[in-house]
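Visitor: Sequence lines, in order, name chains S and F.
For the first sequence, our numbering assigns the number 1 to the initial residue and increments by one for each residue that follows.
For the second sequence, our numbering assigns the number 1001 to the initial residue and increments by one for each residue that follows.
Rather than coming from a laboratory, the hints here were simulated on the basis of the structure.
Some hints here could point you the wrong way.
Just a few of them, taken from the derived set where beta-carbon distance is under 8 Å, the chain F residues facing chain S [as the list claims (entries may be wrong)]:
(1) Arg1041
(2) Arg1096
(3) Gly1103
Here are a few chain S residues that sit away from chain F, every Cβ distance over 12 Å (derived from the structure) [claimed, not checked]:
(4) Pro8
(5) Thr14
(6) Phe64
(7) Asn77
(8) Asn79
(9) Leu81
(10) Glu82
(11) Leu83
(12) Asp84
(13) Val115
Every residue, glycine too, gets a C-beta built ideally from N, C-alpha and C.
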Amino acid sequence: ETGVTQSPTHLIKTRGQQVTLRCSSQSGHNTVSWYQQALGQGPQFIFQYYREEENGRGNFPPRFSGLQFPNYSSELNVNALELDDSALYLCASSLNQLGTGNTEAFFGQGTRLTVV
Amino acid sequence: SQQGEEDPQALSIQEGENATMNCSYKTSINNLQWYRQNSGRGLVHLILIRSNEREKHSGRLRVTLDTSKKSSSLLITASRAADTASYFCATAGSARQLTFGSGTQLTVLP
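Make the full structure from the sequences, and use the hints.
Guide: See the structure below:
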């Protein structure tokens, strides 16, 4: 176990709805990153939060947004859900920002989102 | 977009054999990390190799890195059925993210 917990584990939503996914980072970690993994693909970077601010973003539209709280837990919000948003959403926590030094990322078990 | 590309896409071996997976990437990196994923669950961190390192060992795992060729390999020795999983390489560079390849599906037959 990595100490990174995500909720819920599974979720079914209807196209056009909004969803919020949650992540509790490992104790002592100040950085949380979110990834989307479509079936049969590698994870794709959505964004990273460091000390409550977004400081890196992948090629995802603005309807993907997030928050990081003072305890470093995080939320991923997706508005106006589309069928292609169906995927495994992974949260990773790290001791520092990814890309600085040699920081390892530790992943949660993911939230399986299905949009119908 | 995927930076790393794993090769092969799928690998099937007998228990006790060694498994080798390769990863190629495109841009300069600070480090390269290997992860394992069982049946669409979370990623498990296996090993990190820094850009100034050439080889690293962890238990039955051996990772090599050739920055001149922008490639890395993961060797799992004496494989077990429990090693059956998808394996991903991920690079970390100046961008604040990990960039993953598309993965190698390893099947270890008992």
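Visitor: Hint by hint, note whether the structure agrees.
Guide: We went through each hint and held it up to the structure:
no.: 1; hint: Arg1041; result: holds, 5 Å
no.: 2; hint: Arg1096; result: holds, 3 Å
no.: 3; hint: Gly1103; result: holds, 5 Å
no.: 4; hint: Pro8; result: holds, 14 Å
no.: 5; hint: Thr14; result: holds, 22 Å
no.: 6; hint: Phe64; result: holds, 14 Å
no.: 7; hint: Asn77; result: holds, 19 Å
no.: 8; hint: Asn79; result: holds, 22 Å
no.: 9; hint: Leu81; result: holds, 20 Å
no.: 10; hint: Glu82; result: holds, 20 Å
no.: 11; hint: Leu83; result: holds, 18 Å
no.: 12; hint: Asp84; result: holds, 16 Å
no.: 13; hint: Val115; result: holds, 17 Å
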